[in-house]
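**Q** Sequence:
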Amino acid sequence: MSTDHSPSLSSGHQTGNVAFVCSYFLLFVIALLFNSVSAWVSLHLRSTSTFIVYLKNLVAADLLVTLCLPLIAVSKLPGASVEVVSFTCRYTFVIYFSCLYITLALMGLISLDRYFKVVRPYGRLLGQSVMFSLVLSTSVWIVIFGSTAVPTLILASQVPFNRTEDVCAFVFSPGGQALHRFVVLFTNILFWLISLVIGFCYICITLKVLQSFRNSASNNSQGSRKTKLRVFLILLEFVLCFVPLHLLRIPNTLIKLFHSDYGVANEPNLLSDLFLWMSTANVCLDPLLYISLCKEYRNKLVDMMEAAGICVGLCSSEKQDDSQDTSQ
Numbered sequence: 022m023s024t025d026h027s028p029s030l031s032s033g034h035q036t037g038n039v040a041f042v043c044s045y046f047l048l049f050v051i052a053l054l055f056n057s058v059s060a061w062v063s064l065h066l067r068s069t070s071t072f073i074v075y076l077k078n079l080v081a082a083d084l085l086v087t088l089c090l091p092l093i094a095v096s097k098l099p100g101a102s103v104e105v106v107s108f109t110c111r112y113t114f115v116i117y118f119s120c121l122y123i124t125l126a127l128m129g130l131i132s133l134d135r136y137f138k139v140v141r142p143y144g145r146l147l148g149q150s151v152m153f154s155l156v157l158s159t160s161v162w163i164v165i166f167g168s169t170a171v172p173t174l175i176l177a178s179q180v181p182f183n184r185t186e187d188v189c190a191f192v193f194s195p196g197g198q199a200l201h202r203f204v205v206l207f208t209n210i211l212f213w214l215i216s217l218v219i220g221f222c223y224i225c226i227t228l229k230v231l232q233s234f235r236n237s238a239s240n241n242s243q244g245s246r247k248t249k250l251r252v253f254l255i256l257l258e259f260v261l262c263f264v265p266l267h268l269l270r271i272p273n274t275l276i277k278l279f280h281s282d283y284g285v286a287n288e289p290n291l292l293s294d295l296f297l298w299m300s301t302a303n304v305c306l307d308p309l310l311y312i313s314l315c316k317e318y319r320n321k322l323v324d325m326m327e328a329a330g331i332c333v334g335l336c337s338s339e340k341q342d343d344s345q346d347t348s349q
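If you count by the working numbering, then the sequence shown holds residues 22 to 349, one letter each, in order.
Heads up, simulated DSS-like pairs for lysine-lysine below, C-alpha to C-alpha not over 27 Å straight-line:
| id | residue 1 | residue 2 |
| --- | --- | --- |
| 1 | Lys316 | Lys138 |
| 2 | Lys138 | Lys77 |
| 3 | Lys316 | Lys229 |
In case anyone wonders, no lab produced these hints; they're calculated from the structure.
Could you put the whole structure together from the sequences, leaning on the hints where they help?
**A** The following block contains the structure:
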């Protein structure tokens with residue numbers, strides 16, 4: 022996980038950091054509310070489908086990212102102590118980026134799940150097995166945490182004495198810097214592999230949906246069309262939240278891999294900070310995906326709201342919609 026987002030000492034970047042501090046705290050409040058509700062609902066769901074298995078893992082990853090946000094925000098304050106910034110670079114950023122890439126991997130798996138549901142709804146492939154999805158999602162956590170977070174946490178052992186240098190660039194020992202270059206390369210390759218999977222899935226889904234629209238143009242209701250189009254919300258979130266950051270990181274990654282001065286690639290960049298914030302904002306969008314794509318999640322949420330006396334009108338309308346909904 023790239024830790025090229027430590028606070029800068031320049032006045033312009035400090036002003037930008039103050040704005041990002043406010044936006045991160047706002048994001049934290051919204052994400053904590055949404056994901057706490059999602060966690061509570063998911064605890065009451067049985068893992069009866071592959072989508073629900075991936076959903077529960079995504080909720081866990083999003084909660085961990087959410088809990089990292091206050092420390093990230095505090096570390097960006099101009100007056101933050103070197104101890105706070107060092108702790109954030111050595112631990113918080115590591116967990117944060119690991120969970121962010123776990124989220125990406127799970128989005129890739131969910132895209133595959135949507136592919137199987139739309140393109141091969143009656144198949145009996147291994148990828149459509151609940152047990153296989155449990156093994157696969159567990160493997161995602163083990164591989165990403167084991168290859169990135171654990172060794173990075175061990176080797177990020179240096180403690181900078183002041184903030185006259187980019188703290189995150191100097192928390193690593195020489196061996197840690199070499200490992201970090203590997204982690205940067207690994208996570209970028211992982212992102213583009215996931216992009217290929219998602220791109221393939223949605224090309225196939227698009228062709229299938231267009232064929233469905235043509236074949237049933239005479240009796241295809243507006244509600245049915247909306248149901249079929251909901252599947253593209255995953256692609257929309259992926260493109261908006263993650264693609265800009267990783268396009269921007271291509272030159273940064275090349276510098277970090279091949280430049281002898283490790284701190285060069287960690288110079289402050291407000292555009293990079295903005296795109297990172299956009300990637301983080303996916304923790305607020307994921308709960309909306311659960312409502313749109315998972316009928317079991319939606320019904321359970323409505324039942325819990327109804328039991329609490331909340332949105333009675335919404336409850337009845339949602340249940341009517343679900344009687345015709347075949348999205349999940």
